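Quick note, the sequences are listed as chains V and W, same order.
When we follow the UniProt record's numbering, the leftmost residue of the first sequence carries the number 1, and every step to the right adds one.
When we follow the UniProt record's numbering, the leftmost residue of the second sequence carries the number 1, and every step to the right adds one.
Be aware that a few hints might be false.
[Said to hold, decoys possible] Ranges between beta-carbon positions, derived for each pair:
hint: 1; chain 1: W; residue 1: Ser-109; chain 2: V; residue 2: Asn-279; range: 31 to 41 angstroms
hint: 2; chain 1: W; residue 1: Glu-343; chain 2: V; residue 2: Thr-168; range: 37 to 47 angstroms
hint: 3; chain 1: V; residue 1: Thr-168; chain 2: W; residue 2: Val-54; range: 36 to 46 angstroms
hint: 4; chain 1: V; residue 1: Ala-75; chain 2: W; residue 2: Lys-147; range: 33 to 43 angstroms
hint: 5; chain 1: V; residue 1: Arg-334; chain 2: W; residue 2: Lys-148; range: 41 to 51 angstroms
hint: 6; chain 1: V; residue 1: Asp-201; chain 2: W; residue 2: Ser-109; range: 39 to 49 angstroms
[Stated by the list, open to error] Simulated crosslink set (EDC-like; lysine to aspartate or glutamate; CA at most 16 angstroms straight-line):
hint: 7; chain 1: W; residue 1: Lys-289; chain 2: W; residue 2: Glu-368
hint: 8; chain 1: W; residue 1: Lys-70; chain 2: W; residue 2: Glu-282
hint: 9; chain 1: V; residue 1: Lys-336; chain 2: V; residue 2: Asp-20
hint: 10; chain 1: W; residue 1: Lys-253; chain 2: V; residue 2: Asp-46
hint: 11; chain 1: V; residue 1: Lys-231; chain 2: W; residue 2: Glu-127
hint: 12; chain 1: V; residue 1: Lys-137; chain 2: V; residue 2: Glu-126
hint: 13; chain 1: V; residue 1: Lys-70; chain 2: V; residue 2: Glu-260
hint: 14; chain 1: V; residue 1: Lys-231; chain 2: W; residue 2: Asp-46
hint: 15; chain 1: V; residue 1: Lys-224; chain 2: V; residue 2: Asp-83
hint: 16; chain 1: V; residue 1: Lys-336; chain 2: V; residue 2: Asp-361
hint: 17; chain 1: V; residue 1: Lys-253; chain 2: W; residue 2: Asp-46
hint: 18; chain 1: W; residue 1: Lys-33; chain 2: V; residue 2: Asp-46
hint: 19; chain 1: W; residue 1: Lys-283; chain 2: W; residue 2: Glu-312
hint: 20; chain 1: V; residue 1: Lys-253; chain 2: V; residue 2: Glu-64
hint: 21; chain 1: V; residue 1: Lys-226; chain 2: V; residue 2: Asp-201
hint: 22; chain 1: W; residue 1: Lys-256; chain 2: W; residue 2: Glu-126
hint: 23; chain 1: W; residue 1: Lys-298; chain 2: W; residue 2: Glu-324
hint: 24; chain 1: V; residue 1: Lys-33; chain 2: W; residue 2: Asp-46
Rather than coming from a laboratory, the hints here were simulated on the basis of the structure.
Remember, predicted model here, so these are calculated numbers, not experimental data.
Think of the CB as a built atom: it goes at the ideal place given N, C-alpha and C, for glycine as much as any other residue.
One letter stands for each residue in the lines below.
2 protein chains.
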Amino acid sequence: MVKVENSKNIALSDSIINLDHGDPTAYEEYWRKMGDRCTVTIRGWDLMSYFSDVNNLCWFLEPELAEAIKELHGAVGNAATEDRYIVVGTGSTQLCQAAVHALSSLAGSHPVSVVAAAPFYSTYVEETTYVRSGMYKWEGDAWGFDKKGPYIELVTSPNNPDGTIRETVVNRPEDDEGKVIHDFAYYWPHYTPITRRQDHDIMLFTFSKITGHAGSRIGWALVKDKEVAKKMVEYIIVNSIGVSKESQIRAAKILKVLKENCESESDNFFEYGREIMRNRWEKLREVVKESDVFALPKYPEAYCNFFGKTLESYPAFAWLGTKEETDLVSDLRRQKVMSRAGERCGSDKKHVRVSMLSREDVFNVFLERLANMKAH
Amino acid sequence: MVKVENSKNIALSDSIINLDHGDPTAYEEYWRKMGDRCTVTIRGWDLMSYFSDVNNLCWFLEPELAEAIKELHGAVGNAATEDRYIVVGTGSTQLCQAAVHALSSLAGSHPVSVVAAAPFYSTYVEETTYVRSGMYKWEGDAWGFDKKGPYIELVTSPNNPDGTIRETVVNRPEDDEGKVIHDFAYYWPHYTPITRRQDHDIMLFTFSKITGHAGSRIGWALVKDKEVAKKMVEYIIVNSIGVSKESQIRAAKILKVLKENCESESDNFFEYGREIMRNRWEKLREVVKESDVFALPKYPEAYCNFFGKTLESYPAFAWLGTKEETDLVSDLRRQKVMSRAGERCGSDKKHVRVSMLSREDVFNVFLERLANMKAH
């Protein structure tokens with residue numbers, strides 16, 4: 001039997017633990033260790049205007065955030081930032097909708113089909129359906145999608161929920177009607193080897209999944225085409241008249257420290273984050289191995305340009321499967337573990353998505369409960 | 001000839017001034033005077049989670065912001081907060097869309113008509129049309145609206161753009177299909193006498209127009225019905241997974257100081273704001289009086305419960321009219337003054353909306369240019 005550390009938190013021992021959301025509280029301790037270096041102080045009269053830079057196409061983007069974003073991508077080598085517009089959003093959630101909106105409004109006919117290869121991020125379904133727009137229509141799984149007319153494919157790589165490396169699956173080189181939005185929320189060295197510098201037309205990133213600062217609601221898009229960037233900015237203006245300046249200033253400061261620490265021996269955040277993830281994945285794989293019931297995907301190793309060595313993947317979510325004919329999300333719920341149903345991700349009842357980014361004590365309680373689950 | 005102070009800012013003398021947006025930078029000096037009292041310090045490991053209070057229906061609302069909102073409304077006496085849900089939003093812009101979405105999703109048939117009495121806030125048109133939702137449809141001017149079926153009336157009081165006190169104008173007591181969203185962005189004592197404690201079903205407020213902190217993107221809704229509040233929260237979750245915590249914490253601090261100062265002889269913000277607005281309105285009325293061309297609305301005096309005396313209204317926007325047959329927005333543009341066209345507000349070419357909330361030097365340049373405009 002694998003040794004699972006008992007939770008020191010008595011209060012947790014009987015409570016429901018929520019691993020449905022990917023609330024990224026795992027990295028709190030790192031930021032504590034950084035002490036004052038990431039502290040921001042905002043005076044009463046700072047940041048009052050709607051405007052950050054009237055000469056920028058994205059006039060609500062704080063220049064120091066733009067700078068920090070470019071420097072971080074430069075240091076990590078995961079995405080090209082030259083000759084691109086940076087659009088800031090209230091999380092990449094708002095940006096994904098802004099991008100779908102922008103591409104749709106530039107399309108020749110409506111509704112534009114929106115697809116993603118299953119299993120996909122379940123929130124894409126909600127994001128593209130909740131306002132019942134006449135401009136675009138969620139068409140589900142991109143595998144086997146063959147509808148005529150303009151379409152948008154959402155490509156998440158590493159994929160949420162299953163951690164795999166993804167490319168587009170709808171390929172129609174013969175026409176100009178297909179557009180792709182690349183969601184690179186998890187394309188950072190603590191989760192996956194950085195194998196290339198991405199340079200796609202629309203690339204989405206989110207502060208929350210890099211550093212763990214989900215509460216700030218900051219995301220950004222790197223956009224090649226000026227018209228698309230302009231339409232995205234228009235969307236965000238009508239949707240929320242820009243993005244919190246306080247969050248932007250704080251994200252800028254934290255990303256700057258993150259970048260500086262990329263060159264540090266002892267304080268490299270990605271090294272720290274990778275260790276946490278490796279440790280959790282090893283423990284989880286042990287529990288799964290000891291059980292007769294569960295299964296996890298395997299990921300190929302790859303050479304990481306950032307770390308300069310061959311490394312494994314440690315995704316932010318575990319895509320947990322069961323070998324039995326059962327409803328896994330309900331089985332876990334009975335053990336007081338909330339997870340996201342595979343069906344919501346375009347998959348089946350035998351899979352769930354489980355966050356790997358909780359606080360350590362919560363993660364350990366999850367392992368205990370999983371280890372105690374018996375075959376039916 | 002009325003004496004108009006010359007701008008001390010040489011750089012401004014020839015530049016375009018933008019009074020189209022209501023960028024509320026007029027109050028910066030007050031917050032400077034408050035010194036450290038409104039300074040917030042946020043450490044690197046603070047506010048990382050998506051969640052603010054898992055036991056609250058609006059789980060992304062910071063408890064200290066909720067507290068500050070209730071205390072401020074209590075001190076000002078402009079709105080009832082008991083037995084209501086507080087929903088926080090990325091500005092009242094996001095909340096208005098959340099409310100339209102919520103009411104529409106609870107309606108018996110679709111699309112739900114959305115109307116506002118002209119002249120109306122031009123952004124309502126964009127907010128209710130840009131996603132081309134099948135759930136609701138902008139039907140324009142509420143005066144004369146007689147379409148069958150469910151509808152939502154947006155009531156802004158004091159009104160944006162024209163500063164008048166508003167009630168609903170579509171009255172259909174015979175059925176249950178009409179819903180009202182009250183936008184009270186400007187129902188604060190520096191702009192208008194507080195004549196009653198409002199207690200409508202859905203009331204929207206925005207941080208930006210009270211204190212001038214537009215960059216924070218914080219608004220809130222006071223909502224009576226639990227189902228409506230729940231649907232609004234759902235909208236905000238899909239739209240942006242909550243609202244910046246940094247902005248919420250800062251808004252809480254500033255609103256708390258605002259409330260404390262309500263009892264101060266020397267530092268009362270509303271007294272300060274009212275003085276700025278009175279001064280600007282008097283100067284503007286002088287310029288308009290001296291011209292043969294322009295006109296401004298007149299507002300009745302009323303007893304203000306907050307100040308305990310009879311007072312005038314000093315709206316945040318001037319609804320400037322011309323007596324000539326001309327396109328006023330273009331005439332002003334030729335003088336390098338950007339304003340919002342009356343036509344965008346459901347009115348005519350002879351009216352424009354001009355922000356009264358700019359920095360002092362910009363306002364003075366506006367007066368100079370207006371004073372120099374001759375009859376055609």
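query: If you check the beta carbons of Asp-201 (chain V) and Ser-109 (chain W), does the distance land in 39 to 49 angstroms?
result: Once the Cβ atoms are compared, 40 angstroms apart, the range 39 to 49 angstroms for Ser-109 (chain W) and Asp-201 (chain V) holds.
field: Cβ separation of Glu-343 (chain W) and Thr-168 (chain V), checked against the hinted range 37 to 47 angstroms
entry: Check passed, 44 angstroms falls within 37 to 47 angstroms.
- request: Assess, step by step, whether the Cα of Lys-256 (chain W) is no farther than 16 angstroms from the Cα of Glu-126 (chain W), and give holds or violated.
  value: Violated - the C-alpha atoms of Glu-126 (chain W) and Lys-256 (chain W) are around 33 angstroms apart, more than 16 angstroms.
- prompt: Given the proposed pairing of Lys-253 (chain V) with Asp-46 (chain W), does the C-alpha separation stay at or below 16 angstroms?
  reply: Distance ~14 angstroms between Lys-253 (chain V) and Asp-46 (chain W) Cα, so the pair holds.
query: Between Lys-253 (chain W) and Asp-46 (chain V), does the CA-CA distance stay at or below 16 angstroms?
result: Holds, because 14 angstroms separates the two Cα atoms, which is no more than 16 angstroms.
field: 36 to 46 angstroms as the expected CB spacing between Val-54 (chain W) and Thr-168 (chain V), which holds or is violated
entry: Since the Cβ atoms of Thr-168 (chain V) and Val-54 (chain W) sit about 38 angstroms apart, the hinted range of 36 to 46 angstroms holds.
query: Does Lys-336 (chain V) pair with Asp-20 (chain V) here, judged by a C-alpha cut-off of 16 angstroms?
result: holds (12 angstroms)
- prompt: Can the restraint linking Lys-336 (chain V) and Asp-361 (chain V) be considered satisfied, given a maximum Cα separation of 16 angstroms?
  reply: holds (15 angstroms)
message: Run the distance test for Lys-70 (chain W) versus Glu-282 (chain W): straight-line Cα separation, threshold 16 angstroms.
response: violated (33 angstroms)
- prompt: Hey, Lys-226 (chain V) versus Asp-201 (chain V), does the alpha-carbon distance stay inside 16 angstroms?
  reply: holds (11 angstroms)
message: Run the distance test for Lys-33 (chain V) versus Asp-46 (chain W): straight-line Cα separation, threshold 16 angstroms.
response: With a Cα-Cα distance of about 13 angstroms, the restraint between Lys-33 (chain V) and Asp-46 (chain W) holds, given a limit of 16 angstroms.
- prompt: Does the alpha-carbon distance linking Lys-253 (chain V) and Glu-64 (chain V) stay inside the 16 angstroms limit?
  reply: Status holds; Cα separation ~8 angstroms.
Taken one by one, the earlier hints fail for this structure at numbers 1, 4, 8, 14, 22 and 23, listed in ascending order.
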